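Colleague: Those protein sequence lines, which keep their order, are chains A and B. Take 1 as the starting number for the first sequence in the numbering used here and just add one per residue. Take 1 as the starting number for the second sequence in the numbering used here and just add one per residue.
No lab work stands behind these hints: they were computed from the structure. All of these numbers come straight from a predicted model, not from anything done at the bench. Note that the Cβ used here is the ideal one computed from N, Cα and C, for glycine as well. Keep in mind that a hint or two might mislead.
What the hints assert, rightly or not - Computed spacing ranges between beta-carbons, pair by pair:
1) B:23 x A:251: 51 to 59 Å
2) B:23 x A:162: 25 to 33 Å
3) A:291 x B:138: 30 to 38 Å
4) A:33 x B:167: 32 to 40 Å
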Amino acid sequence: MEYFVQQLINGLALGSIYGLIAIGYTMVYGIIGMINFAHGDVFMIGAFVALITFLVLGMIGITWLPFALLLVLVVAMVVASVYGWAIERLAYRPLRGSFRLAPLISAIGMSILLQNYVQITQGARVKPLPPLIQGGFVIMENDGFTVSLSYMQIIIVALTVILMIAFSALISRTALGRAQRACEQDRTMAALLGINVDRTISLTFVMGAALAAVAGLMFLVYYGVIDFFIGFLAGVKAFTAAVLGGIGSLPGAMLGGLLIGLIETFWSAYFTIEYKDVAAFSILIMVLIFRPTGLLGRPEVEKV
Amino acid sequence: MTMLSVAGVHTFYGNIEALRGVDIEVGEGEIVTLIGANGAGKSTLLMTICGNPAAARGQIAFAGENITAMPTFEIVRRGIAQSPEGRRIFPRMSVLENLQMGATTAPPEHFGADLEQAFTLFPILKARKDQRAGTLSGGEQQMLAIARALMSRPRLLLLDEPSLGLAPLVVRQIFDTLKRINAEQGMTIFLVEQNAYHALKLAHRGYVMVNGRITLSGSGADLLAMPEVRAAYLEGGH
Ligand SMILES: Nc1ncnc2c1ncn2[C@@H]1O[C@H](COP(=O)(O)OP(=O)(O)OP(=O)(O)O)[C@@H](O)[C@H]1O
Ligand SMILES: [Mg+2]
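Produce the entire structure from the sequences given, and follow the hints as far as they go.
Modeller: This is how it looks when you write it as structure tokens:
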């Protein structure tokens, strides 16, 4: 029982990180109908920028943790946003209107480019960050097995919940969110109403990238080690999460992220840790076969 | 003043030449209608005015400004609104959100009053305002498309077959509404219609398009009286 609860907590924290990345996949898919294959690498870039910013802040003596974290968060989000914007400009926009596979190929190229660029400039070895946020609560204790909830896990889940609420409000209530949904449904009509479609698509990439950077920072502080390859695995899993939840659906991305985090954690805990990635991918395949619209994907019912 | 001037415009879809040198003028405060058979190029002309597809040759000016090569969103921000062929309402948005989208280029302080006006013109939209637009009936969607176009407070309103799919009573009501908006607010209207009789009755002037070219033009009354117009577009009609 204690073991189970502990895994549940771990799974929720991991799932939050996947969920934040998955939002970027699902939003970009929603608006241009294509997967951004370089999105996982934006997450990786966000983690690296966070690490470098931590080191710089340490060197110039800004060590009060809440302030340092806030600064790192802002820097990582801004830099990742620039990458997200650049990916759209370089890999997607020039190919809009050409055959469907073309932008996917260029995005995969972009992904490889980013990985190699980080590998060359930062080295291929794993980069550590000393634990910044330690401690937590012991919420259960039995037969020498303790269930702990670390401060870091609380921060991850709380921040994710806040971001999700803010983000849902942005999409459902603001003019920008409306413009994004309009572009999703009918780009020609959106332009006829005065929406700058190119700018709206750019902003969608930027928003996804900013959230991926938050996830990157969480990953860095939670696990304490990163390398240039973390974007690939986390990216594929977050993509699986987005498909599982129903690609194009915002709550779906979050739900999918949580489920993938939980499945992966329980799989490693009760079966074998070597095959934990297989679990996520088996789920992906089964969803695609039995319910391709995902859990919260929308059935098309409108008469148009 | 000339509100819209289209001069020698050619438009292509790939190799298909849909407009083959179109000349049209719409003066400020006028209601002008364009009639023509299926496939003549009427919808293409309305879309070309809005830059999608862009004219391959020729020039389009709005209120004296050359808008031929501008992107669509820049063109419509100058004061053009279109209720396009096929209505193109946003099906997964509520009726209210569709109207908000229509007000994208309008000053926000007018929104409340403009919304009231739209609901007065089409009371059914008020009753349905929180409903997903995709679940509206065809006629209700048509009303929503027109109301959405009005929400931007356009100087030039482009309507592509606003009477399509509507009951005769509703058509009358919409045409009355257009006439009133034109008279009271001085809004310029350029209207494509299959329903040639009503359109020519309503309009100050009209054009007839055949195969991507303008073949006839004149006042609404003159066109209605022409035997070739009667034969081609008013068969069995009034
Ligand atoms: N997207 C497109 N791609 C290729 N050809 C097109 C496209 N849209 C229209 N056309 C062609 O251009 C010509 C003009 O079409 P358009 O829709 O402008 O006619 P219309 O006068 O509006 O007809 P209707 O009264 O049936 O609406 C037609 O021959 C049509 O087949
Ligand atoms: Mg048409």
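Colleague: So does residue 291 of chain A sit 30 to 38 Å from residue 138 of chain B, Cβ to Cβ?
Modeller: 32 Å, holds
Colleague: Does the hinted range 32 to 40 Å hold for residue 33 of chain A and residue 167 of chain B at CB?
Modeller: 37 Å, holds
Colleague: Is the distance from the Cβ of residue 23 of chain B to the Cβ of residue 251 of chain A consistent with 51 to 59 Å?
Modeller: Distance hint for residue 23 of chain B, residue 251 of chain A holds at roughly 53 Å.
Colleague: When you take the CB atoms of residue 23 of chain B and residue 162 of chain A, is the distance between them in 25 to 33 Å?
Modeller: Given a distance of about 59 Å, which is not inside 25 to 33 Å, the answer is violated.
Taken one by one, the earlier hints fail for this structure only at number 2.
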